[in-house]
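Novice: Sequence:
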Amino acid sequence: MYHEIDETAARRAKEANSFNSYRAGSATAEYRRMVDEAKEIAERQKQRVDPMHHDKIDRLLARYCARLAANMNKGSEIDARVPSVMIAGPANFPTRKKEKQNAARDRNMEDYTDIQGILDKIRGVGTGGVSADDPGAVEKLRDKLESLESYQATMKAVNAYHRKHGVLDGCPDLSEDALMKVKAGMERDWRKNPKPFESWALSNNSAEIRRVKRRIKDLERRAKADNPADGWEFDGGKVVINREVNRLQIIFDEKPDEDLRAELKRNGFKWAPSQNAWQRQYTDNAIYAIKRIKAVSNGG
1 MYHEIDETAA RRAKEANSFN SYRAGSATAE YRRMVDEAKE IAERQKQRVD
51 PMHHDKIDRL LARYCARLAA NMNKGSEIDA RVPSVMIAGP ANFPTRKKEK
101 QNAARDRNME DYTDIQGILD KIRGVGTGGV SADDPGAVEK LRDKLESLES
151 YQATMKAVNA YHRKHGVLDG CPDLSEDALM KVKAGMERDW RKNPKPFESW
201 ALSNNSAEIR RVKRRIKDLE RRAKADNPAD GWEFDGGKVV INREVNRLQI
251 IFDEKPDEDL RAELKRNGFK WAPSQNAWQR QYTDNAIYAI KRIKAVSNGG
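With the numbering used here applied, the sequence shown has no gaps in its numbers, which climb one by one up to 300 at the end.
Fair warning: there could be bad hints in the mix.
[As the list claims (entries may be wrong)] Within a straight-line C-alpha distance of at most 25 Å, the following computed BS3-like cross-link-like pairs (lysine-lysine) qualify: (1) 164 with 192; (2) 294 with 255; (3) 121 with 74; (4) 56 with 121; (5) 98 with 74; (6) 195 with 164; (7) 238 with 195; (8) 291 with 270; (9) 238 with 192; (10) 121 with 140; (11) 217 with 140; (12) 156 with 183; (13) 39 with 74; (14) 156 with 192; (15) 121 with 217; (16) 270 with 39; (17) 195 with 156; (18) 46 with 156; (19) 213 with 46; (20) 195 with 14; (21) 121 with 46.
In short, the hints are calculated from the structure, not lab data. Note that this is a predicted model, so its numbers are computed, not measured.
Just need the whole structure built from these sequences, with the hints factored in.
Specialist: Structural data, given as structure tokens:
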């Protein structure tokens, strides 16, 4: 799962930007620490979801590990291109080259941000894709939200305990197994004062909490929409909100004429022979669309 980190490039990058000597193996240690944290995220997700999702989690993890190594190696190569002004001195400093280097750094940081997004995808496998078609969608999303909020509280409590005591031993928020894993991750970190849970982990988890809350609110709002619970009748047919299959359906007494069929298609409705209805997935957009079709709208 680990990929090779270019220690030579990392050393050159350090020498080009700092008076401190490079500690051999530190770039590799940082990479492996991040990979190990990603592995823990993947393993936690596997414990939460059906085994049918495990292969997808493994593929995402492998992609994360490969892209992270490439990103770190590229970052070292970029940092070594032009020494900092502290190292090179201000005389005849290559300003244009430095500007190009900074632009390359920005692009590499954008790639790094995208790579960290893979961790969000891992967290969502098997649970993040709760379909609105699922009658238990809101309940499942609430369960997920509870788990995410519990994990967020744990990370904050553990970090606070570590700030106060300087150690993790005796932390009441970690099981013995979790304590050993967190300590092992910190010991592999080459930095002087690593945190039990880094800021990016808290930030990513917080973003997922906000996303799930928005999803729950959207589904609940749709369920409480002002439209009649089961639809409405119009001259020549009726509109049915079929919650069992999560479809907004239009049932005509007679086959609609060509112009009306064209209007239905323009608004996303398709003929479903099995339902004897024109239908589309029941969403807010579907409600907006049907109100544009004057022949079937309830005028709401």
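Novice: Confirm or reject each hint.
Specialist: We went through each hint and held it up to the structure:
1. 164 with 192: The hint holds at about 17 Å.
2. 294 with 255: 17 Å, holds
3. 121 with 74: 24 Å, holds
4. 56 with 121: Distance of about 10 Å is within 25 Å: holds.
5. 98 with 74: 16 Å, holds
6. 195 with 164: 12 Å, holds
7. 238 with 195: 61 Å, violated
8. 291 with 270: 16 Å, holds
9. 238 with 192: 69 Å, violated
10. 121 with 140: Given pair residue 121, residue 140 holds - Cα atoms ~17 Å apart, limit 25 Å.
11. 217 with 140: Measuring from Cα to Cα gives roughly 13 Å; hence the hint holds.
12. 156 with 183: Answer holds: residue 156 to residue 183 is near 16 Å, not above 25 Å.
13. 39 with 74: 23 Å, holds
14. 156 with 192: 20 Å, holds
15. 121 with 217: Satisfied, since the Cα-Cα distance of roughly 21 Å is no more than 25 Å.
16. 270 with 39: Violated - the C-alpha atoms of residue 39 and residue 270 are around 44 Å apart, more than 25 Å.
17. 195 with 156: Given pair residue 195, residue 156 holds - Cα atoms ~11 Å apart, limit 25 Å.
18. 46 with 156: Within the cut-off at roughly 23 Å; holds.
19. 213 with 46: 23 Å, holds
20. 195 with 14: 23 Å, holds
21. 121 with 46: Holds - the C-alpha atoms of residue 46 and residue 121 are around 13 Å apart, at most 25 Å.
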